[in-house]
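A.B. asks: So you can see what is in the structure, the chains are spelled out below.
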Amino acid sequence: MSRVARPLGASVDAVGPLSSDGLVQLLTHTGEAVENETFSPYAAHLSADDLRAFWRDMTVLRAFDLEATSLQRQGELGLWVQSLGQEGAQIGSGHALREPDFVFPSYREHGVALTRDVDLVDVLKIFRGLQHGAWNPKDHSFHLYTLVIGSHALHATGYAMALDRDGLVASGDPDRDGAAVCYFGDGATSQGDVSEALTFASVYNAPVVFFVQNNQFAISEPATRQSRVPLADRGKGFGIPTVRVDGNDVIACHAVTQWAVRHARSGGGPVFIEAFTYRMGAHTTSDDPSRYRSKAQESYWAERDPIARLETYLTARGELSDEFRAEVEAEAKALCERARTAVRSWEREPLLTMFDDVYALPHATVEAERAWFERYEASFADGETAAEGKAHR
Amino acid sequence: MTERMTMAGAINAGLRAAMERDPKVLLMGEDIGALGGVFRVTDGLHKDFGDARVMDSPLAESGIVGTAIGMAMRDYRSVIEIQFDGFIFPAYDQITTQLAKMHYRSRGTITLPIVIRVPFAGGIGAVEHHSESPEALFAHTAGLRLVSPATPQDAYDLIQQSIACPDPVMFFEPKARYWDKGDVETSRVAAQLDQPEGEALATAEMAKARVAREGADVTLVAYGPTVRLALQAAEVAREEGTDVEVIDLRSISPLDSDTVVNSAKRTGRVVVVHEAPTSFGSGAELSARVTEQAFFHLHAPVLRVGGFHTPYPGAKFEHDYLPSLDRVLDAVDRVMAH
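Residue numbers (the numbering used here), protein chains in the order written: chain A, 191 to 583; chain B, 10 to 347.
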C-alpha cells in the first residue's frame with residue numbers, strides 16, 4: 191500500500207503516533223477537495239445526497255451526544271462517553287458497510303451504531319444502569335459495546351474466520367461477501383489481545399478490518415505512551431496492509447473503509463486502518479482533560495472539526511440549503527427530546543430479572559439463589575423491598 | 010455397545026462422535042493436529058477431519074478463546090484444548106470477562122457453546138505449571154459450567170454432553186488418569202442427544218453427582234483425579250471397620266450439593282478430597298453448604314484433604330503435597346473420633 195503524504199499543516203508532533211505523516215485526505219480542513227490516486231475512486235460513488243446524509247448523521251449525532259452529556263450532568267445517567275470530534279471517522283466508515291458485514295465496536299462508537307440503525311436512545315439504557323446490552327447484535331450486525339479494552343478484536347477476528355468458513359468471502363458474488371470490522375482506540379493497540387488478533391487475522395487470512403481511531407488519548411495518556419511509531423505501523427509486522435487516514439475527513443474515512451472492506455471481502459485478508467482524529471470531549475463525564483492537555487491544543491483541533499469541514503465544502507458548492515439545515519435541526523431536536531423523555535420515564539425491570547440469562551439452561555446455584563431471594567423479598571409484609579429502605583422486622 | 014477404553018481414548022472417541030454428529034463442531038488448540046496433542050487425546054482426528062475442523066492454533070491462549078467466541082457468534086461450537094492447566098491464565102480474561110458473561114449481557118441473544126478442555130492436576134512428575142488444579146477460579150465465575158470426569162465412561166459421556174450444552178463448559182481432565190482403562194457403553198449418550206430435548210437432558214445430567222460406592226459411616230467426596238484415591242481409602246477403611254460412602258461429584262459448577270447433603274444426613278460425617286489447595290477451594294464451598302443444610306445431622310466438622318496454600322512444588326515433593334491414602338484415612342479417623 192503506497193501512502194500519500196499530505197501533511198495537515200501544523201501537527202502536535204513531528205514524528206511518531208501524533209504526527210500527521212502520510213494521512214490520506216480527500217477534503218482539507220478548510221473544506222477543499224483533494225485528489226488521491228488510490229482512494230478517490232472509492233469515494234467517486236458519493237452523490238450530493240450521500241454527502242448531505244453524512245452531514246446530517248454527524249450533526250444529529252453531535253446534538254445527541256451533547257444531550258446525553260447534559261442528562262448525565264442532571265443525574266439522569268451514571269456516566270456518558272462522548273464521541274465528540276470523532277463523528278467523521280465513525281459516520282464515514284460506518285456508511286461503507288452493509289450486510290453481511292458485522293461490526294465489533296468499543297464503547298464510543300455511537301456514530302457507527304447510528305449507521306447500523308441502532309436507536310441511539312436505547313444506548314442510554316446502558317449508561318442509566320438498566321442493562322449491559324441494549325440492542326440485539328444480530329438485528330443490527332452490530333455487537334454489544336466491549337468495555338474491557340481490546341478484547342473484542344479477537345471476537346471480530348473469530349467472526350471473520352467464520353464468515354470465511356461459511357463461504358461469505360470471495361464467493362464469486364461480491365454482493366454476498368462480508369467482513370468483520372473492529373473499532374478500537376490508540377490505547378487498545380497496547381493490549382495483548384489486539385496483538386493476538388492481528389496474529390490470528392494474519393495467519394488465517396481472516397476478512398477483518400481493524401479500524402483504529404487514534405483520538406490521541408487513552409483517558410489522560412497520550413498516544414506516545416502506547417507507541418513510538420505511527421499506530422498504523424502496528425499492522426506491518428503482521429504482514430497486514432495498513433492505511434493512515436485523516437480521521438476528521440469523513441469522505442476519506444469512507445473511501446479508505448470502502449477499500450478495506452472490499453479487500454477483505456474479496457479474500458485479500460485483514461486490513462489495519464488508523465484514523466487520526468482528536469477526542470474533542472473528555473474521556474467520559476468523569477474525566478477532566480484540563481489536567482493533562484492545553485487549551486491551545488484543543489483550539490487547534492477545534493479548527494479541524496469534522497462536521498464544519500464537510501459543511502464548508504457543501505455550502506461552498508451550494509448543496510446545503512436552509513431548508514435542509516432546518517430539517518436536520520428539527521430531527522436532532524426531536525431525537526434529543528425523545529431521549530430526555532425516555533430516560534426519565536424508564537423503570538427498572540422487575541428485580542428478579544437480574545437472575546435471568548446467566549445461563550442458557552437452568553443452573554442449580556442461580557435457581558436456588560433466585561428462589562431464596564424471591565422468598566426474602568416476599569417476606570416484607572407491606573410489599574416493599576429491602577432496597578427501598580424498609581426494615582425487615 | 011460396550012468397549013474397553015482408556016480415559017484419553019474415551020475423550021477421543023467422544024470428540025469424534027460429536028464431530029460426526031454436528032459439522033459445526035471444531036477443535037482448536039496448540040499441537041492438536043498432526044501431533045494429536047501433547048497427550049495424544051486428539052490422535053487421528055486431524056487425519057480424518059482435516060485442517061478446517063482440527064485447527065492447530067497460534068500459540069496464544071487468549072487468542073484461541075477469543076476467536077472461538079467470535080466463531081460461536083456464527084454458530085460454530087469450538088472445543089478448545091489448553092495444553093496444560095498452568096497455561097490457562099493468558100486466557101483467563103477472555104474466559105471470565107467475555108465468555109462467561111456474554112449470554113447475560115446480551116440478554117440471552119448470544120449463546121456461546123464453547124468447551125474448554127483442561128488437562129489438570131498432578132502426579133506425573135512434571136515441571137512447574139504442568140500439575141495445577143485451578144478449578145475453583147472458574148467455578149467462582151457465574152456463566153461457566155465446570156465438569157471433571159473420573160472414569161472413561163464419564164469422560165465419554167461428559168465430553169459429548171458438554172459440547173451439546175449451549176453454555177460454556179470448562180472440562181477438567183485428570184491427566185494422571187488418562188491411561189486408566191474402563192468399560193465404556195457408547196450408545197446411551199448418543200440416544201440421549203438424538204432426542205428433541207437432547208441439549209437440556211444432557212445439561213441436566215452433566216450436573217449430577219454419582220454415588221461411586223455406598224456406605225453408612227462417612228461420606229467421602231471427590232472428583233476427577235481423587236475419586237480413585239477415595240475408593241481405595243474406602244477399601245482400606247472397610248478392613249478397619251468403617252463403612253465409607255464415596256461420591257464422585259462429576260460437576261463442580263453447578264455443584265450437586267443435594268446428593269452430598271442427603272448422604273451427609275445419613276452418615277453425619279463428611280470429608281472432601283481434592284488436589285487443589287483447600288483454602289477457598291471447592292471443598293470449602295461444599296463444607297459451607299453441608300453445614301448450612303445438614304448442620305443438625307453432623308457428628309463431626311466437615312474436613313478437607315487437599316493441596317496446601319503454596320505454589321505446586323517440585324515433582325520430588327508432589328507425592329507428599331498431594332492428598333495421599335494416609336492423609337485421607339487420617340481424616341476419616343478424625344471424623345470417626347467424634
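Any given hint might turn out to be false.
[Said to hold, decoys possible] Here are some chain A residues pointing at chain B (derived, C-beta under 7 angstroms):
no., residue
1, ALA352
2, ALA506
3, LEU510
4, PHE514
5, ALA516
6, ASP547
These are computed hints drawn from the structure, not numbers from a lab. All C-beta atoms, glycine included, are put in the ideal place defined by N, C-alpha and C.
A.B. asks: So, for every hint listed, does it hold in this structure?
C.D. replies: Hints, one by one, checked against the model:
1. Residue-level restraint check for A/ALA352 holds (minimum Cβ-Cβ distance to chain B is 4 angstroms; threshold 7 angstroms).
2. For A/ALA506, the interface hint is violated, since its Cβ never comes within 7 angstroms of a Cβ in chain B; the closest pair sits about 44 angstroms apart.
3. Interface restraint check: A/LEU510 against chain B, minimum CB-CB distance 40 angstroms, threshold 7 angstroms, status violated.
4. Given the 7 angstroms rule on beta carbons, the hint for A/PHE514 is violated: about 37 angstroms separates it from the nearest Cβ of chain B.
5. Contact between A/ALA516 and chain B, as hinted, is not supported at the beta carbon level, the nearest pair being about 39 angstroms apart and thus beyond 7 angstroms.
6. For A/ASP547, the shortest C-beta to C-beta distance to chain B is roughly 4 angstroms, which falls under 7 angstroms, so the interface hint holds.
In terms of the numbered hints stated before, the structure departs from hints 2, 3, 4, 5, listed from lowest to highest.
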